[in-house]
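Start from the sequences and build out the full structure, keeping to the hints where you can.
Number of protein chains: 6
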Amino acid sequence: MSKLRQDNRQNHEFRQVKITRNCNIWAEGSVLIEFGRTKVFCTASVSDKVPSFIKEQKLEQGWVTAEYSMLPRATATRNSRDGRKCSISGRTMEIQRLIGRALRNAVDLSKMPNLAINIDCDVIQADGGTRTTSINGACIALYDACQYLVEKGLVAENPFKEFIAAISIGIDDNELLCDLDYAEDSNIGADCNVVMTESQQIIEFQLSGEKQSFGKQALDGVYDLGVQATQQIIALQKESVGLK
Amino acid sequence: MSKLRQDNRQNHEFRQVKITRNCNIWAEGSVLIEFGRTKVFCTASVSDKVPSFIKEQKLEQGWVTAEYSMLPRATATRNSRDGRKCSISGRTMEIQRLIGRALRNAVDLSKMPNLAINIDCDVIQADGGTRTTSINGACIALYDACQYLVEKGLVAENPFKEFIAAISIGIDDNELLCDLDYAEDSNIGADCNVVMTESQQIIEFQLSGEKQSFGKQALDGVYDLGVQATQQIIALQKESVGLK
Amino acid sequence: MSKLRQDNRQNHEFRQVKITRNCNIWAEGSVLIEFGRTKVFCTASVSDKVPSFIKEQKLEQGWVTAEYSMLPRATATRNSRDGRKCSISGRTMEIQRLIGRALRNAVDLSKMPNLAINIDCDVIQADGGTRTTSINGACIALYDACQYLVEKGLVAENPFKEFIAAISIGIDDNELLCDLDYAEDSNIGADCNVVMTESQQIIEFQLSGEKQSFGKQALDGVYDLGVQATQQIIALQKESVGLK
Amino acid sequence: MSKLRQDNRQNHEFRQVKITRNCNIWAEGSVLIEFGRTKVFCTASVSDKVPSFIKEQKLEQGWVTAEYSMLPRATATRNSRDGRKCSISGRTMEIQRLIGRALRNAVDLSKMPNLAINIDCDVIQADGGTRTTSINGACIALYDACQYLVEKGLVAENPFKEFIAAISIGIDDNELLCDLDYAEDSNIGADCNVVMTESQQIIEFQLSGEKQSFGKQALDGVYDLGVQATQQIIALQKESVGLK
Amino acid sequence: MSKLRQDNRQNHEFRQVKITRNCNIWAEGSVLIEFGRTKVFCTASVSDKVPSFIKEQKLEQGWVTAEYSMLPRATATRNSRDGRKCSISGRTMEIQRLIGRALRNAVDLSKMPNLAINIDCDVIQADGGTRTTSINGACIALYDACQYLVEKGLVAENPFKEFIAAISIGIDDNELLCDLDYAEDSNIGADCNVVMTESQQIIEFQLSGEKQSFGKQALDGVYDLGVQATQQIIALQKESVGLK
Amino acid sequence: MSKLRQDNRQNHEFRQVKITRNCNIWAEGSVLIEFGRTKVFCTASVSDKVPSFIKEQKLEQGWVTAEYSMLPRATATRNSRDGRKCSISGRTMEIQRLIGRALRNAVDLSKMPNLAINIDCDVIQADGGTRTTSINGACIALYDACQYLVEKGLVAENPFKEFIAAISIGIDDNELLCDLDYAEDSNIGADCNVVMTESQQIIEFQLSGEKQSFGKQALDGVYDLGVQATQQIIALQKESVGLK
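Chains as they are written, first to last, in the UniProt record's numbering: chain P, 1 to 244; chain C, 1 to 244; chain B, 1 to 244; chain U, 1 to 244; chain G, 1 to 244; chain R, 1 to 244.
The set of hints was computed from the structure by calculation and includes no laboratory data.
Relax, there's no trap hidden among the hints.
Since the list gives no way to pick one copy over another, a pair counts as held whenever it fits inside one copy or between any two copies.
No more than 20 Å apart at the CA atoms, straight line, and that leaves these computed lysine-lysine pairs for PhoX-like: (1) Lys161 - Lys244; (2) Lys211 - Lys111; (3) Lys211 - Lys161; (4) Lys211 - Lys58; (5) Lys18 - Lys244; (6) Lys58 - Lys111; (7) Lys49 - Lys111; (8) Lys238 - Lys18; (9) Lys161 - Lys238; (10) Lys111 - Lys161; (11) Lys152 - Lys111; (12) Lys55 - Lys111.
Here's what the structure looks like:
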C-alpha cells in the first residue's frame, strides 16, 4: 500500500460510495452522490432550450450540457464564489466541459430532438475527485431525466444508451492509487481521469504529469485499474436505479 | 384560514423546521436548515480578511458579511447560474446585504478585532422564504463560529451577543399569513420580512406592497405575529446548540 | 430637539423643498427636486420597450421601472463612477429597485398596455435622503409622462392613480428625526424609509437598525411621522402640477 | 447663411453661452455650462490619487484626468446608461481622453506634485457640441480647483497656465458652420473639433470627414474660425472668474 | 535632419515599405504590411452581418468596420492581452474607430447592400505608426475583398472608390518628421495623423499636442508633408495590386 | 491510407514542418512555426512577475505560463475576437492551461527563482492541430529564453531540461491518423493529444471520444504513434536551434 494512502484502503480501492436519488423536488433527475467525504449535488433539468447551432443547422437532435461549481466552503479554506468576479476559472471551465462531453456519450442525441438536458453538479463538500464523482452522480440523474422524457411522451424512444463511470487514478512512482482524496492528490506526481462505458469502451482518458512524467507501463496500469473501477461503479449506479 | 393556505397550517404557524448542524467538515460553523421544503446550506468561515475600511481607519473591530446564492435548479424551472454572466441579480444583492446586516446585530464586532466571519447561504431547494430561512440557519452557524473563536483563543471574550431570527409574513386582504411558501408568495398582495432579537427588539422590518397597499392595522398585526414567530424560532435555534 | 440636528429644524420637520418641472427638453416628464442641499434630476421616458415577461406571457399591461445613479462628485469625496467597473453597487441596486416598486403603485399598469415608462433619478448633489427625494421627484415626472400619454392618445384612460411620497426617518435613542441630512444619517442608530399613498396607505415600510435595535413604540412613532410628512409632501407635489 | 442653420445664427457665431460657477457644494471646482440647449455639469475633484506610472517612475508631477458621461435622457431618445453593461462605448472613451489631454495643456503638472485633479463632465442635456462644451466648462472648474490648491497651501505656485477653449466646426460643401447643434451635426458632411490656448496655439485639431472629404481651403477656414471662436470663448471664461 | 532621427532618413521620408498580399488562405483579402520594423497583419472578411441600424432603418447599403489589436509582445515589454480583463483600452477603441471611419471613405457603401466587410488589423510587431500602417495595409485587403465581391457576383458594381493612405507626422520644435518610429514618437512634442485620398482630399486630420502646442505654420507643414507622403504610399498600394 | 486523408500523407506522417526563429525583435525567444497550413506565432517573454502563490509561500522557484489566442480570421469563417466580450471561451482556457502545464515539464523551475517566462501562442492561420503546433513552437522559444537567462547572468544554471513535443492523433474506426488537419478533425470519431519528452516519457495523454469510444488496442496504437512522431519533432526542434 502506498505511503500516501492514510485510510486503510488498498491502492486499487475506491472510497465508500453513497447514492441518494430524488434529493430535489423540482428537477427531472437528481442525485446526491458521495465518494468518501466528497459530496456532489447533481440535477438534470429538461427544457427545449437547445443550443443555437442545432436550430441554425436544423439538426434533428437534442443536447446535453453541464455546469460545475463548488460552494465557497466546499474546501478547507474558503474560495471566492465562482463567477462573482466576472469570469469563471479555467479549472471550472475545463471540468464542466469534460462532464458534458462524457455524458453526451451516455445518450443517443438523435432520439431526443429539440430537447435539452442541463446537468448541474454542485460540490457541497470537496475531498478530491470532484469531477469524477460529478460524472458518476450526473449519469444517474441523466438516466432519471431520460425516464421522465419517456413517461411524459416527449420522446419516441428512450435516448439513454448505457451507463458511464469515471475514476481518478494517481501515479506515485511505481504505484497506482485509485480514487485519490485531497491529501493524496496534493502529494501525487501524476493525475489521471478515466471515463468508460459499461461495455468497457474508453470515452475519456486523461493523464497529466505536472510533477512527474511516466512510461507505457503506467499507461497500461491506469487502463486496467480504470476498467475495474468503472465497472464496479456502474454496478452501483445500476443498483441505485433498480436495474439488475 | 386563508384560502391561499393549502397545507393545513394555521395562518400564524410557520412550517416544520429541521436543523442539522456540522453538515460540512471544513467550515468553522455549518448548518443545513429546512423550513418545510425550503432547504438552505449555511456555512460560517473564519478568516483575517477584514474589509479595507477597517484597516484604513484602524478600527478595533471585526466584520461579518454574507453571500447568498441559489443553485440553478433550486426552483421549479431552472435559472441561469447567478454570477456566470458578469453580474449578480439585484434580488441576490438585496438579500445578501440583508443577511449580513442582520447578522452583524447578533455579535459584538469590537470583541473580534481583525477577524472576519464570512457567511455563505446556498439555497439547495427553494419553496418560499429563502432569505428568512437563510438568516435563521446562518445565525446558528455564526454561533458555532464564535464558539470556535473562543476555543482557539482567537478572541478574549465570545463576540456572540444573542440569537436573532427572521420570518416572512404575507398580507392578504385582512389576513396575515406566517412563513409563506412559494405558492402563497406568488399570490399574495404584500410581503413582509421581520428580523428580531431574542430580547424582542426589531432589527429589520420590511413591508413591501407591490400589488396591495396596507394600513396601520396590518403593520401592528405583522409586528405581533413577527414577535411570536421569531421567539419560537429562537427557541429552536437555542435547542439545536444545546442551550436551555 | 435632537442634539444631532444642527439646522434649527424641529425633529418632525423635513427640509425646504424646491420642485422645478420641465427641466429637460427631451423627456416626457422631468423634474429637478431639492430637499435642502440634496438635488436629484428625475426624468420619465416613454417607450414601447416593455420587459420580456410581459410579451412572453401576453399580459395586457405596461411597466414602470427606475434607474438611480449618483454623479461621482455628488458626495463630499469623489466616488468612482458607478458601473464603470463592470458592476453596479449593491446599494444602487437596492435603491433603484425600491424606486421602481414604489412608483408602480402610483399607476394602474393595465391602463397602459405595451407601454413602458423609464424613470431615471440622477443625484446631482447628495446630502442625505437621496432615495426618498428621488421617489418624490420621480412621482411628479411620472405624473407628467402619464399626461403625455393621454395627450398623445396613447392610452384610453390616464393610468396615473394617485401621488405617492417617501420620507426617511431616523431613530436616535427615543427621538425620531424626520428627513435626515448626511451628517445626521452618519450618526444615527437606526434608519427608516417610508413610502405612502395620498390615501394614507403604506407601500413600503423599511426599518433597519444596524447600530441600534428598536421596539414597538419606535415603530408606531415612525408610522405617525411617516403619515404626517408624506401627506405634506404630496400636497407640494400636487401644487407643483397645478392640482388643488 | 447655410441652409442647415435654422436659428438665425450667422455661420460664424456660436450659441448663447451661460456659465454658472460653484454649482456643487462639495467639489473644489464646479461649473454648469450651457451652449444653447446643451448643458454640461463639470466638477473638478482634488485628491492625492495620482496614476501608478507617476509613483512607479517617481516623477515629480501631478495629473489631470477626465471622465465624460451623458445622462440617459440627455438625448431625444433615451440611451441605456453608459457603463451598466460592462463596457463604456468607444465614443465615450474617445471623448473623455480628448478632454483629459486638452486640459493637461492648461496646467503645469510639475507644479502640482503628487496631486490629482479628476474632471467629471456629465451631460445633463445634449443638443450637439457636448465634447467642446465640456472642455470649455471643465477648464473653469480646473481654474477654480487650482485656486483651491493655492489657498490651501497644497502647492508652492499656482499650476494653472492659461485658459483653453474648444469649438466644433462643420464643413458643408463650401460653408463652415460654427458650434453645430444636433440637427446641423446630423446633416453635415465633415465635423471638426479645435482646441486652442489663449495664446492662439493649437492643442487639438481634429477634422474627420465621414460623408465628405475636404481640401486645404477648408483646413485654412477651420483654423481661422477656430481662432476667432476660441478667443471669444476664453474671454467669457475669464469674465466668469472675474479676470479682466 | 532632426536630432531625434537616428536612422539616416531625411525628415520627410517614410520608412521602407513591404507589402505581402494573400498572406492568409481563408480571408477574402489579406495583407502583411511592414513600415520599417512595424508589422501589421490585415484581413478583410466578407459576411452578411451588417449592423442592426442598417436593418432597422432598412437602408440600402453595406458596412465596413475594423478591429485593431496588438499581440502581447508586439512591444518592447509585454503588455497584458487586450480584452482579457473585461475591457478594451481607450487607445485600442480610438484606433479601431479611426481605421473603420477612414476605410468607409474608400468604398461606396450603397454599392454593397446588406454586405459587411470586417477588417482585422493585428500588430505582430510594433515600432511606431501602427495605426497608420494598419490603414495602409487594410486598404489593400479591402480592395481585394471588393474584387472578391465582384468575382462572386455578390455586387452589381465594384464598391471600391479609390485608395486612401495614412501617415503619422511629428512636430519637434520647428521640424516636421514623417513616419515616426517608436523612439522618435516617445520624444516628440506633438503627434499628427493624416489620412488622404488618391484625389488629395483630406479624410482625417488629427493634430494633438500633449507636450507642445503649435501654430498655423506647423499646420500648413503637416498638410504639405501629408499630401506628399500619402500620394507616394498610394502609388505603392496600387503597385502591389498590379494597377499602373 | 484512411479515406479521410486527402493530401497523400501516410496515416503515420505529420505535415511539413517549418520553423522560423527570432521572428520578433523584442521577445527573449520567438518562433513562427508551421505544420502544413497551420501557423502559430510563439513568443517567450522574461520578467520578474511570478504568480502571487510563489511570493506568498516564499518558494525558491520561478514559473512558466502560457496564453493562447486565435486571430479572428485564422479560421475559414471569422470568429469574434476572443476576450472582447468579457470572457474567454472554455476551449481557449483549456488549451492555454495545457500549453503551460506541458512547458513547465521542459524546465527545472527551481533553477529560475523569481523569474517568470510568459509564453504567447497566437494562431495566425488555423488548419487543425493548433494546440500541438503551439507546444512544439513554444518549446523552442522557451529554449531561447532560457539561453537568454544564462547569457544575461540571471540564472546560475540553465533551467531548460529537455525538449518536449506534442502531436494530435485521430482514431477513425481502426485506423490511426497522425497530425490531423481541419478537414480530418471535423470528420474523425475520436481525437487524442499526446505530449512527450525527449526521453520518451509521457507528460500529457488525452484521449477524448465525442463521437466514438475506443478500446485498449487504440490506446496502445496512439502511444506507439505518439512516441514515434514526438521523437521526430524533437529532432526538428533541436536542429532548429543548432543542436546535434
